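Colleague: Respectively, the protein sequence lines represent chains A and B. Heads up: the first sequence begins at 1 in our numbering, then just goes up one per residue. Heads up: the second sequence begins at 379 in our numbering, then just goes up one per residue.
By construction, these hints were calculated from the structure, which means they are not laboratory data. Given the structure is predicted, the values throughout are model-derived calculations rather than measurements. It is possible that some hints are incorrect.
What the hints assert, rightly or not - Computed beta-carbon distance windows for the label pairs: (1) A:E243 to B:D616: 48 to 56 Å; (2) A:R34 to B:R540: 52 to 60 Å; (3) B:R471 to A:L142: 22 to 30 Å; (4) A:P131 to B:N455: 43 to 51 Å; (5) B:V533 to A:I158: 30 to 38 Å; (6) A:V43 to B:N568: 46 to 54 Å.
To be verified - Pairs of lysine to any residue residues, derived as SDA-like cross-links and limited to a Cα-Cα distance of at most 20 Å, are as follows: (7) A:K254 to B:V469; (8) B:K604 to A:L127; (9) A:K254 to B:M495; (10) A:K254 to B:G446; (11) B:K488 to A:R152; (12) B:K488 to A:L257; (13) A:K254 to B:G486; (14) B:K604 to B:Q502; (15) A:K121 to B:R494; (16) B:K488 to A:V253; (17) A:K254 to B:G530; (18) B:K480 to B:G446; (19) A:K192 to B:R525; (20) A:K254 to B:H523; (21) A:K121 to A:H188; (22) B:K488 to A:H188; (23) A:K254 to A:H188; (24) B:K488 to A:T252; (25) B:K488 to A:D241; (26) B:K480 to B:E654; (27) A:K254 to B:R567; (28) A:K174 to B:Q574; (29) A:K254 to B:Q502; (30) A:K254 to B:V533; (31) A:K254 to B:K604; (32) B:K604 to A:T252; (33) A:K174 to B:K480; (34) A:K254 to A:L151; (35) A:K254 to B:K480; (36) B:K488 to A:T148; (37) B:K488 to A:W146.
Cβ atoms here follow ideal geometry from the backbone N, Cα and C, with glycine treated the same way.
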Amino acid sequence: MTAVEKEQAVQAPPERRPGGGLRGRFGRLPWPARTAIIVGCVVLAYGLPYVGYVPMIGPQIVTQGIDWSSALFSISYFVLLALGLNVVVGYAGLLDLGYVGFFAVGAYTVALLTSPDSVLKTHWAWLAAVPVAIVIALLSGLLLGWPTLRLRGDYLAIVTLGFAEIIRIFAESKPELRGDRGFGGIPHPPGKNGDGTALFGVRDARPYFWLGLTIIILVILAVRNLDRSRVGRSWLAIREDEEAAAIMGVRTVKFKLWAFAIGACVGGLGGVMFAGYQGFMNSSTFQLQFSILVLAGVVMGGSGNIPGAILGGALISYIPDRLRGISDPLLNTDLFQWRFLIFGVTIILIMILRPQGIVPSRRRAMELKDRAGEVAPQ
Amino acid sequence: MSEPHVESTEWEDESVRHRVDEPIATGPLLEAPVHTPDPGSLLEVDNVTLRFGGVVALDQVQFSLRQGEIFGLIGPNGAGKTTCFNAMTGVYRPTSGEIRFKGRVVSGLKKHEITRMGIARTFQNIRLFPEMTALENVMVGADAHHRTSVVGALVRGPRHRREEQQGRDFSRELLDFVGIGQRAGEVSRNLSYGEQRRLEIARALATRPTLLCLDEPAAGFTPAEKESLLALIRTIRDNGVTVLLIEHDMRLVMGVTDRMVVLEFGKKIAEGTPAEVRDDPKVIAAYLGVPADAA
């Protein structure tokens with residue numbers, strides 16, 4: 001067999017067959033083209049704060065009622081949370097309804113370590129508190145996961161729901177955590193502009209958005225690497241048939257715990273960003289709706305894949321913000337008042353028209369098709 | 379079984395005999411049971427009983443497998459063959475008795491630990507990971523011996539790359555070996571029934587087992603497909619893997635196994651070479667049913 005023949009023989013079975021549609025066409029492009037497209041997207045993403053200057057389309061995109069940069073920042077941390085929750089729900093198939101709990105752990109750690117209101121009086125810088133907050137969020141993920149990951153499906157969902165409520169009620173009732181009064185004076189991220197003013201100030205939200213975007217890109221790279229390794233395979237195998245996975249040698253508890261811990265880490269990171277931007281936080285930030293909203297984003301975007309999580313996370317933040325400052329023609333009130341109605345209808349429409357999510361994962365789309373067959377009358 | 383009475387007296391005799399044997403068989407100084415002095419035994423099912431509430435699924439079952447043989451576990455539907463498999467692979471824990479693999483007690487170990495020790499299995503009702511490709515399915519099995527950590531995978535470290543490459547190559551080889559190499563990139567739910575059965579064998583082999591347990595691998599196969607499957611099983615054995623084969627089709631199993639055990643209603647009713655078992659009146663009775671006066 002010549003070398004060429006060998007080469008052909010090795011390459012003959014295609015590893016993945018990208019189907020039709022945008023994703024399939026993208027997958028078939030040569031790698032320089034794919035890289036160029038990705039770089040282009042990243043550049044465009046960093047340029048989003050200036051989208052308002054684009055003629056015609058720009059003014060339609062930017063939010064009216066609130067500062068566009070602030071809206072972008074809030075999109076960025078929702079996207080981050082959606083990415084983290086996607087690891088838990090989308091990849092490992094563990095329904096986590098208490099994701100806001102980890103967000104709270106991250107935010108509270110930063111507040112306790114940095115705020116002048118904190119009993120610790122450590123007055124750390126924001127950056128110094130970041131690694132500590134991430135580690136504590138990770139530990140809280142392990143702590144919650146260790147006893148509960150023996151549960152499945154609905155039971156796990158209820159326990160995680162309880163976890164988030166415990167964190168919130170704890171924050172409300174424990175004097176050291178200051179309940180509704182909250183923590184003020186949380187320092188912003190470090191950095192100076194050329195003219196000596198702080199890079200991360202109160203007026204301009206753009207640097208926060210760029211910081212968030214950078215963190216998002218790092219998280220995407222990390223999650224993608226995991227997905228394309230034995231870790232990702234183990235998660236999928238667990239989601240599809242946990243017992244068969246265990247019999248094939250997958251350490252199910254270990255990998256489920258890791259999924260939980262990684263999700264918790266990313267959630268904690270979201271809390272850290274939030275605290276650094278707001279400078280103030282209290283217990284009312286961490287309502288249950290928050291978890292549900294992020295979960296809705298993941299499902300809406302297309303659970304089990306990264307582009308879907310990004311889109312879903314962005315929409316749950318963007319849609320309500322876009323509605324601000326627009327008056328409706330009937331009652332002449334701010335459309336923002338109707339946000340839950342409009343938002344809910346949007347989600348219902350997406351679920352009817354595209355139940356696998358806006359950007360379906362190849363696998364999830366097939367699972368749903370399969371289940372549709374189960375439900376449909378024979 | 380229109381007249382179970384006569385048969386049941388026979389089983390009781392059999393179980394009594396086992397009980398008499400018991401103190402000798404499980405004496406603390408004797409690792410191997412007395413009835414199998416064979417030093418080459420790989421797996422010992424030692425007096426295993428498994429109850430679910432009042433139902434006795436396995437009743438003092440005892441047999442052992444030698445390294446390098448093809449061993450049949452046969453019996454009519456509901457005889458306890460799959461239950462026996464499940465006890466070996468850690469799905470169930472025996473109520474009493476022990477299962478030893480390479481001299482180590484298996485009962486009570488975690489499923490993945492048993493797999494790492496070298497027992498792999500397929501399922502009677504196919505249990506692949508349906509949305510993963512054929513290749514990915516096999517790679518899950520190959521991962522059983524991989525040591526890449528989560529952090530290693532995160533940063534795509536050297537071990538991750540090496541193991542990923544090895545796992546991929548090995549999995550492709552296995553797919554070729556079972557004859558579905560050209561389907562590597564296909565999502566496993568889209569494979570034909572026969573291909574899925576073969577994929578299950580490839581996935582089990584990917585865990586590098588010493589003992590491969592096949593649970594009715596030929597169920598629903600045409601005679602021609604059965605023939606080529608038997609050839610595959612023989613090749614697997616010739617590659618040094620001991621094979622335990624569950625089957626209720628006697629004819630199929632006669633042609634390929636070296637020795638076999640026959641179960642009925644959770645009890646062992648016969649053991650020996652195919653020729654010995656075939657002529658055993660209890661086996662004939664179990665398979666054909668025997669009128670009370672003839673037994």
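Colleague: None of the hints should be skipped; say for each whether it holds.
Modeller: Comparing the hints with the structure gives:
1. A:E243 to B:D616: 48 to 56 Å: This hint is violated: roughly 31 Å between Cβ atoms.
2. A:R34 to B:R540: 52 to 60 Å: Violated, since A:R34 and B:R540 (Cβ atoms, about 26 Å apart) do not stay within the stated range.
3. B:R471 to A:L142: 22 to 30 Å: Given about 28 Å between the Cβ atoms, the range holds.
4. A:P131 to B:N455: 43 to 51 Å: 60 Å, violated
5. B:V533 to A:I158: 30 to 38 Å: 36 Å, holds
6. A:V43 to B:N568: 46 to 54 Å: Roughly 39 Å apart at Cβ, these two residues miss the hinted range, so it is violated.
7. A:K254 to B:V469: 18 Å, holds
8. B:K604 to A:L127: 66 Å, violated
9. A:K254 to B:M495: Within the cut-off at roughly 19 Å; holds.
10. A:K254 to B:G446: 34 Å, violated
11. B:K488 to A:R152: 18 Å, holds
12. B:K488 to A:L257: 17 Å, holds
13. A:K254 to B:G486: 18 Å, holds
14. B:K604 to B:Q502: 15 Å, holds
15. A:K121 to B:R494: This hinted pair is violated, its Cα atoms lying about 51 Å apart.
16. B:K488 to A:V253: Between B:K488 and A:V253 the Cα gap is close to 11 Å, so the pair holds against 20 Å.
17. A:K254 to B:G530: 15 Å, holds
18. B:K480 to B:G446: 13 Å, holds
19. A:K192 to B:R525: 45 Å, violated
20. A:K254 to B:H523: 15 Å, holds
21. A:K121 to A:H188: 17 Å, holds
22. B:K488 to A:H188: The given pair, whose Cα atoms are some 48 Å apart, is violated under the 20 Å limit.
23. A:K254 to A:H188: With a Cα-Cα distance of about 36 Å, the restraint between A:K254 and A:H188 is violated, given a limit of 20 Å.
24. B:K488 to A:T252: Satisfied, since the Cα-Cα distance of roughly 10 Å is no more than 20 Å.
25. B:K488 to A:D241: 16 Å, holds
26. B:K480 to B:E654: The hint is violated at about 27 Å.
27. A:K254 to B:R567: Between A:K254 and B:R567 the Cα gap is close to 27 Å, so the pair fails against 20 Å, i.e. violated.
28. A:K174 to B:Q574: 57 Å, violated
29. A:K254 to B:Q502: Measuring from Cα to Cα gives roughly 27 Å; hence the hint is violated.
30. A:K254 to B:V533: Between A:K254 and B:V533 the Cα gap is close to 19 Å, so the pair holds against 20 Å.
31. A:K254 to B:K604: Violated. A:K254 to B:K604 sits at ~39 Å, over the 20 Å cutoff.
32. B:K604 to A:T252: 34 Å, violated
33. A:K174 to B:K480: Roughly 57 Å separates the two Cα atoms, so the pair is violated.
34. A:K254 to A:L151: Judged against 20 Å, a Cα distance of about 14 Å means the pair holds.
35. A:K254 to B:K480: Outside the cut-off at roughly 26 Å; violated.
36. B:K488 to A:T148: 18 Å, holds
37. B:K488 to A:W146: Since the Cα atoms of B:K488 and A:W146 sit roughly 17 Å apart, the hinted pair holds (cutoff 20 Å).
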